[in-house]
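Build the complex from these two chains, which are given one at a time in their own frames, with help from the hints.
Chains as they are written, first to last, in this note's numbering: chain C, 1 to 121; chain H, 1 to 269.
A few of these clues could be false.
As the list claims (entries may be wrong) - With a straight-line cut-off of 25 Å between C-alpha atoms, the simulated DMTMM-like cross-links for lysine to aspartate or glutamate are:
#1 C:Lys88 with H:Glu3
#2 C:Lys23 with H:Glu75
#3 C:Lys88 with H:Glu75
#4 H:Lys82 with H:Glu40
#5 C:Lys23 with H:Glu35
#6 C:Lys88 with H:Asp231
Said to hold, decoys possible - Have a look at the derived ranges for each label pair, beta carbon to beta carbon:
#7 C:Ala82 with H:Leu165: 57 to 63 Å
#8 C:Asn16 with H:Lys10: 31 to 37 Å
#9 H:Thr49 with C:Val55: 19 to 25 Å
#10 C:Gly24 with H:Glu35: 27 to 33 Å
#11 H:Tyr98 with C:Arg46: 47 to 53 Å
#12 H:Gly232 with C:Asp11: 47 to 53 Å
In case anyone wonders, no lab produced these hints; they're calculated from the structure.
Glycine included, C-beta positions come from ideal geometry on N, C-alpha and C.
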Amino acid sequence: MQCTIVVAMDDRFFDNWSTQLRKGMLELCILNAIDGTRLYGYDIVRRLREIEALVISEGTVYPILSRLRREGFVETTIEESAEGPPRKYYALSAKGRGILARMNDCWIKMKGGADGLKGEE
Amino acid sequence: MVELSESAQKGLNDYLRQVRAYLRWSKSLDRDEVEQNIAEHIERELEGTPEPVSCSTLESVLARLGSPSQWVPPEALNWWGKLILKLPTDSRDWRLAYASFAFLLAGAILMFLVSPLQVVFFAASFIIARAALAVAGDTDLGAQKWFLYPILLMVGAAFVAILFLGPALLGGAIGAGLYDLDEIRRRNALGVIVFAVTSGALVTSLWWIVLGLILYKRPGLLRQPLRPFADGFTPRRSLTLSGAGVLLLLLLAGFIALYMNGAFALFTP
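Chain H on its own, in the form it takes in the complex (with noise of 0.2 Å):
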């Protein structure tokens, strides 16, 4: 590779996230194949230039090349680029930011009249948050965020607490359906409580291990809906929460084993 100077890589490097950035809305492009044929492309036009490579020499070679967007023809977009390419594309432009706040707005004021209008409210907000978002790229928000970040955080730990803590509800209710209510009537109370809490912390834990390894695979599956606060989310932290599914399981199995050996007679009926 031909050797640029500080500047030149600066210049090119923002180049190269550019086209990223359009290349994020589609599907059919090779994102490899793409950056290998700018880098060859590059690497050919620079031949016999004297290095390290100056940024106006890049930056000509840049200008021959095009701009970021024609490395993804219209036809290759998806849905939601052909969206993002319509909207406002100026940082300085808050029209987003406004609109998307003001759904969050009127859908909080609808809560109190008891209308499931609010839903619909509050979906607006968030597709329009996350339209601003990708419309700003890697560039900073700045005081946008007052606007944008309070639906995505809302939505944000609704989507973390049911992916995570939803299945041990779901656990825990047919845990506890599994008694019998003339049972229940009958016996201790409490032993439904534990009953119930124990079958949703095994769904709890064996869901964790299993959501760990998926997202150790895939953890876009936890980055794209939660942008941009799981931004650094690596499939190494996902192990983590594999290791906590592991931990807890082996905790209950100790519990489990206690219980069966009447340490916890109380709740016995």
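One chain only, chain C, in its complex shape (with noise of 0.2 Å):
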């Protein structure tokens, strides 16, 4: 009975953390997305799905992709399309591609410190 419960405190305060850290990661992973390139709100989600650990509800990228638009991250623009409604293609602005560079570099920064933590096998 013990067992289970520990596990079960064990299995929450992980889902928390990943949960943190998913949210954390999501922005810089949207914008890693549509970096040198544009992409429409479906195919960056679509992108977004290959990554297994990100475990996202989809619906979360699009507010997150209004706000950077609204915070001129991002630049959209809107194409006639053969196959349906017109499509809103989203691409880095200048201050995005800044924005990116600095994000990238704090994370391979953080992910090496935290490598370099790991005791010795």
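Here you go:
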């Protein structure tokens, strides 16, 4: 019985931690997905879907894209589509490229630092 | 647009209705943009699916899309939305209805004790009742209405009276005030009443015309404070108000013309 409770608490701890991590990583992943290209909302979702550990509700991507656009990190263009309604394409702005470079740099340093703290096998 | 089965369409409408309910609590998000994103996403997800798309297929798409609340991130919520989302959202939970009615009763009792505190209790009752309405969204309140509607009706009636007739009282008072008090003593008091009523009616007619035009552009200015009683108020109805103002103005012009020609000699000093 005690063992079950400990496992459940561990799961909850891990879930909370990984949720926070994913939230933080999502913006970086979205910006990286459109780095050097322009994609439309659904295609960004599809690319993020490929990252197994990200496990997100797909609808969370769109509000983030809207916020990134409002903050000037992302630019949008609307183009007619032969397959359906007009599509909104997202691309990095100059400001977005600048912040993405800083975010990637920060992430690499953080990951390197965390890896460096791991005990010797 | 892909063709949905009847039940799938119902499911999608329900999802969109819930998203719109959350969007009400955010001023920063573009409602059209959100709905367009949802429509596009679903359209792309269902490409190549046999039509009409079944309810279970749509449900799996909506499940991956996530809950309607996530379309409004916490940082985009206004203070009212943040407050509402902390409240019990189960329509079977009567706590808000009871609390609103309790504050109303307390306010009513305090009225007899001649205390200005009753205003605070009525305000609390009203705010809680509005919160209960917001929590319920489009869900039927059922018997909770008996506890929530009294304060909403009371405040709504006061709001309507001030909005529609307040300027009339103000105009009447100004009209009466224009008369010299010494003149009133010397002349027929009915003259003052006629002048007050005429100026009140003049201000009212002009106000109704302007108010009707304002509400035509912004019907929410009436709908929001009078929820749920004015939910059906349309811009077209606001033009009726402007029409009533024009009619009153014409009647008033006729009355003044007759008055000037001595048709109401009784009132003239």
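Hints, verified against the model:
no., hint, verdict
1, C:Lys88 with H:Glu3, "holds (23 Å)"
2, C:Lys23 with H:Glu75, "holds (14 Å)"
3, C:Lys88 with H:Glu75, "holds (24 Å)"
4, H:Lys82 with H:Glu40, "violated (29 Å)"
5, C:Lys23 with H:Glu35, "holds (23 Å)"
6, C:Lys88 with H:Asp231, "violated (34 Å)"
7, C:Ala82 with H:Leu165: 57 to 63 Å, "holds (59 Å)"
8, C:Asn16 with H:Lys10: 31 to 37 Å, "holds (36 Å)"
9, H:Thr49 with C:Val55: 19 to 25 Å, "holds (24 Å)"
10, C:Gly24 with H:Glu35: 27 to 33 Å, "holds (28 Å)"
11, H:Tyr98 with C:Arg46: 47 to 53 Å, "holds (49 Å)"
12, H:Gly232 with C:Asp11: 47 to 53 Å, "holds (50 Å)"
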